[in-house]
Amino acid sequence: EIVMTQSPTTLSVSPGERATLSCRASQRVSNSLAWYQQKPGQVPRLLIFGASTRATGIPARFSGSGSGTEFTLTISSLQSEDFAVYFCQQYNDWPLTFGGGTKVEIK
Amino acid sequence: QVQLVESGGGVVQSGGSLRLSCAASGFTFSAYGMHWVRQAPGKGLEWVAFIRYDGSNKQYSDSVKGRFTISRDNSKKTVYLQMNSLRDEDTAVYSCAKEYTDHVEYFQHWGQGTLVAVSS
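Protein sequences, first through last, are from chains A and B.
Going by the working numbering, the first sequence opens with residue 1, and the numbers climb by one from there.
Going by the working numbering, the second sequence opens with residue 1001, and the numbers climb by one from there.
Since the hints were derived computationally from the structure, they do not count as laboratory data.
Accuracy of the hints is not assured; some may be wrong.
Away from chain A, derived, C-beta distances all over 10 Å, residues of chain B [as the list claims (entries may be wrong)]:
1) 1021
2) 1025
3) 1027
4) 1028
5) 1045
6) 1061
7) 1087
8) 1104
9) 1108
10) 1111
So the derived label-pair ranges between C-beta atoms look like this [said to hold, decoys possible]:
11) B:1030 to A:16: 42 to 50 Å
12) A:67 to B:1013: 26 to 34 Å
13) B:1028 to A:57: 30 to 38 Å
Quick reminder that beta carbons are idealized off the backbone N, C-alpha and C, glycines included.
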């Protein structure tokens, strides 16, 4: 099983600042990596697929990078609606696996 | 628009069984693989099971293999999850999700989920 490790667990950021979230895979997953945002009581929202392609309707302040085992989600200038939990997911191999999540909170 | 509506959750005793259903609409159900993903209260996401559009391939997480069975009825546009030998650690909200396309397993569309609570 490919283990996905996200860091940090919690990220405290002020509105308008940049946030950088990391996701590491225990084996290479090529670019088969997705990022999701989840707010309390809501289903996850797809942000990024293919490691760096924004999903439909996702603002340009969200960007993804990386390949192989190291991936990054960057939010260039945090808006109030961006405070949430973010999960990465690999879909290169079975079983599909998610990272444990990074909570982005208001500093 | 794509809609996925789960049902069948509830409270069940440890060792018991439940069958979850996910009714789909807004897309050609018979052309897409479907997944179940769960989330324990206050915890992260855990992928549970997958069934290919025609039922020819099924995959399970190690934590449910041998206890859970995924199936589908394309005529009813519904995917099922039969859960047997339930354990406390199976307590979670179970959501169905549509694959992006064949062999590309990320999730743009999710259902709201149904809560399964296993009591010992």
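Now the hints, each set against the structure:
1. Listed as a non-interface residue, residue 1021 of chain B keeps its Cβ farther than 10 Å from every Cβ of chain A; the least gap is roughly 17 Å.
2. No beta-carbon of chain A is positioned within 10 Å of the beta-carbon of residue 1025 of chain B; the least distance is around 16 Å.
3. Under the 10 Å C-beta cut-off, the non-interface status given to residue 1027 of chain B relative to chain A holds; the minimum distance is some 15 Å.
4. Listed as outside the interface, residue 1028 of chain B is consistent with that label: its C-beta sits roughly 19 Å from the nearest C-beta of chain A, beyond the 10 Å cut-off.
5. Under the 10 Å C-beta cut-off, the non-interface status given to residue 1045 of chain B relative to chain A is violated; the minimum distance is some 4 Å.
6. The beta carbon of residue 1061 of chain B sits about 5 Å from the closest Cβ of chain A, which is not more than 10 Å, so the claim that it is off the interface is violated.
7. With a least beta-carbon separation of about 18 Å from chain A, residue 1087 of chain B lies farther than 10 Å from that chain, consistent with its non-interface assignment.
8. For residue 1104 of chain B, the condition that its CB be more than 10 Å from all CB atoms of chain A is violated, with the nearest at approximately 7 Å.
9. The non-interface label for residue 1108 of chain B is inconsistent with chain A: the shortest C-beta to C-beta separation is roughly 5 Å, within 10 Å.
10. With a minimum CB-CB distance of about 7 Å to chain A, residue 1111 of chain B fails to clear the 10 Å threshold, and the non-interface call is violated.
11. For residue 1030 of chain B and residue 16 of chain A, the hinted distance range of 42 to 50 Å is satisfied, since their beta carbons lie about 47 Å from each other.
12. A hinted range of 26 to 34 Å is violated for the C-beta pair residue 67 of chain A and residue 1013 of chain B, which are about 47 Å apart.
13. For residue 1028 of chain B and residue 57 of chain A, the hinted distance range of 30 to 38 Å is not satisfied, since their beta carbons lie about 22 Å from each other.
Going down the numbered hints, you'll see the structure goes against 5, 6, 8, 9, 10, 12 and 13, while the others check out.
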